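Please construct the entire structure, taking both the sequences and the accompanying hints into account.
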Amino acid sequence: MKVSVARRNLFSDRTRLAISVGGVAVAILLILILLGVYKGLIDVSTSYVDNVDADLWVAQAGSRSMTHSLSLISPSLEDELMTVDGVSEIHPLVIRPTTVEINGKENDLRVAGYHPETGLGGPWNIVEGRGDPGPGEIVADRVLVDTSGLRLGDDIEIEGRPLRLVGVSRDTYVLIYSYAFADIGEIRDSLGPDRVNYFIIKAADSGRLHQIVAEITAGYPGLEIFTKAEFAEINARDIREGFLPILGVLVVIAVFVGMAIVGLVVYSATVERTREYGILKAVGASGRTLYGIVFQQSVLSGLMGYGTGALLAFAVAALLETLVPQLTISFSWTHFAGALAAALTMSLFASYIPIRKINGIDPVIVFKS
Amino acid sequence: MKSNNGKILKMQEVSRIFGKGTAAVKAIDGVSLGIETGEIVLIMGPSGSGKTTLLSMAGGLLKPTSGEVFVAGKNLSELDARSLSQLRLRRVGFVFQAFNLLGSLTALENVVLAKNLARRTDKAAETDSKAILDRLGLGQRLAHVPADLSGGEKQRVAIARALVNDPPLILADEPTGNLDSHSGREVMMLLFDLAREEGRSVVVVSHDPRIVDIADRVLWLEDGRLSTKRSELEEKVRDPVCGMQMDIKDVAFTAIHHGQVYHFCSEKCRQKFLEDSGRFT
Chain A
1 MKVSVARRNL FSDRTRLAIS VGGVAVAILL ILILLGVYKG LIDVSTSYVD NVDADLWVAQ
61 AGSRSMTHSL SLISPSLEDE LMTVDGVSEI HPLVIRPTTV EINGKENDLR VAGYHPETGL
121 GGPWNIVEGR GDPGPGEIVA DRVLVDTSGL RLGDDIEIEG RPLRLVGVSR DTYVLIYSYA
181 FADIGEIRDS LGPDRVNYFI IKAADSGRLH QIVAEITAGY PGLEIFTKAE FAEINARDIR
241 EGFLPILGVL VVIAVFVGMA IVGLVVYSAT VERTREYGIL KAVGASGRTL YGIVFQQSVL
301 SGLMGYGTGA LLAFAVAALL ETLVPQLTIS FSWTHFAGAL AAALTMSLFA SYIPIRKING
361 IDPVIVFKS
Chain B
1 MKSNNGKILK MQEVSRIFGK GTAAVKAIDG VSLGIETGEI VLIMGPSGSG KTTLLSMAGG
61 LLKPTSGEVF VAGKNLSELD ARSLSQLRLR RVGFVFQAFN LLGSLTALEN VVLAKNLARR
121 TDKAAETDSK AILDRLGLGQ RLAHVPADLS GGEKQRVAIA RALVNDPPLI LADEPTGNLD
181 SHSGREVMML LFDLAREEGR SVVVVSHDPR IVDIADRVLW LEDGRLSTKR SELEEKVRDP
241 VCGMQMDIKD VAFTAIHHGQ VYHFCSEKCR QKFLEDSGRF T
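Chains as they are written, first to last, in the numbering used here: chain A, 1 to 369; chain B, 1 to 281.
To be clear, the hints were calculated from the coordinates, so they are not data collected in a lab.
Honestly, I wouldn't trust all of these hints.
[Unchecked claim] Which stretches of chain A does chain B cover? Using the computed rule of at least three CB atoms under 8 Å from a CB of chain B, they are:
#1 3-10
#2 278-288
[Stated by the list, open to error] Derived Cβ-Cβ restraints for the label pairs, each shown as a range:
#3 A315/A to R135/B: 51 to 59 Å
#4 D80/B to G242/A: 56 to 64 Å
#5 R356/A to A23/B: 26 to 34 Å
#6 G21/B to R356/A: 25 to 33 Å
#7 R135/B to R7/A: 24 to 32 Å
#8 R356/A to D80/B: 19 to 27 Å
All values derive from a computational prediction rather than experimental measurement.
Note that the Cβ used here is the ideal one computed from N, Cα and C, for glycine as well.
Have a look at this one:
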């Protein structure tokens, strides 16, 4: 039989336990939601590139991310690039930023023009209707549809041309704009004559991608060519560089808040039981044993707070996504591992001051009535 | 059991000064004391005389300013903090006036914890603890927390905790101080049995004059100096079972055996006598 003083101390005062666990849980919840929002932003920022089944992206030289710089290239290059050794398929894409007014409200859109018969560059995660817009048709993101009160069959006017809504997609909202998808023929004209934004290439042999890249780079100095992974990374970088420092500060604040709460609770529990620690010292408990008790209390609070916070994170994320459709919260196991590390860090540092307190307890205290 | 010239506790010219300079107070002044195996020694004295300071030094909780303390042959001033903890755990059992049980633990857990501290976490730790509590009449109170126990029960749990690692020396600070007369007498009897039946040495610091009756020696501590207290207890009768001396007017029970009157402190002692009178006459 092994008596756990830490556990008994912890559970003997349910109110204090609730405050301690609640404090860590709130901190962990905040950390996980912040990380989830961050990953959601990264995911959606690369979602278009991730969901286009292409090996290579060809853009105008000097044009980097899809967010910040416009790529304009001539459609006539399509036939030339098709002759490059190893290229299996090549398709033009038009990504047109525009603003549409629906029911008196302006909405920012990125209309992706593609060849619906290939499916490359079209919508994914269709939640309503169909995902292959024909001539005069459009598929739009659910955030736009929900917030504008649109229904299937309604018209969305893109630069003076009405397109009928035939499908609704999800996970196609990026921070401040929604994606919509239409036949490339419907929106190519909006860029002016003889212009597309990108070519996407499928290679006959994925092992020869570098040769294709080298050949196009050498033969076409006005073009820049990226692998899918490179292009996704370029688009994620904007979000990462813009938001990560802000989120990092908030995560650090959350860790300190959690640490302060656990520290205060464990400290007050230690002070309240000063006499009992004195008793244990007097009857022969070593300093290490006593530190172990305080540390265990702190770690148990931290782990229970972590468990509670992690469970709450799923519920809160679901609730937030319902209340704020524009928000995408995406968790990964590394978030939970990181939050666990944060909880244990909070526990470790939170037990430091109480342990110093124990160090100073004079066991002669036990003789005082 | 190791000893120092047959003494389980030996204090040599021990002094303890609190404070410095003009504020210095000499709480203990050159005390020498030896406690034999199986001996019960009562230390009395007025409040502030240094009794608790002396007991703290005897148990290795406080370092003397000068002099040396030996427990079971070990010079405490030569031990580091870890070794001192081990010595307190295995060689010394403390009994306190305020019981000093851990409030969140049950009676059994309070005792098992002392075993755990001595690195015993096996089934035997629990069995031994139960056996001691059972022997002290607490077999039905194992799962009760201190708040649900009477003062006498709490003190018996504290004694069980002090005994569970089988220490040869028991240091008791006012063990009857917070108890009613009945419970106080029970605790006295327990301490008496620990010395007489188990051969443990018991040092009691107390104001309770009843403890004089079970003590082999009574010492008087005043102004930090220890002296032998002259017995003021004459014209008394002695309980043949427990050996307690009583004023004849305070005798609770009597029995006549072979024409002789015997006096007893309690019905328990009288019953013991009647069951086996040959052992006590």
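* **Consistency of beta-carbon spacing, D80/B to R356/A, with hint 19 to 27 Å** => 20 Å, holds
* **Satisfaction of the hinted span 51 to 59 Å by the C-beta atoms belonging to A315/A and R135/B** => 55 Å, holds
* **Proximity test - 8 Å, beta-carbon atoms, the segment 278-288 of chain A to chain B, at least three hits** => Our answer is that it holds, as 9 residues pass the Cβ test (under 8 Å) against chain B, meeting three.
* Asked: Falls inside 25 to 33 Å, the C-beta gap from G21/B to R356/A?
  -> Holds: the Cβ-Cβ distance is about 29 Å, inside 25 to 33 Å.
* To do: Can you take a look at whether the segment 3-10 of chain A is actually covered by chain B? Rule is 3+ residues, C-beta closer than 8 Å.
  => holds (count 4)
* Asked: Would you say the C-beta atoms of D80/B and G242/A sit inside 56 to 64 Å of each other?
  -> 58 Å, holds
* Range hint 26 to 34 Å: satisfied by the CB atoms of R356/A and A23/B? -> 27 Å, holds
* Is it true that the C-beta distance of R135/B to R7/A lies inside 24 to 32 Å, as the hint says? -> About 29 Å separates the Cβ atoms of R135/B and R7/A, which means 24 to 32 Å holds.
Hint violations for this structure: none, all hints satisfied.
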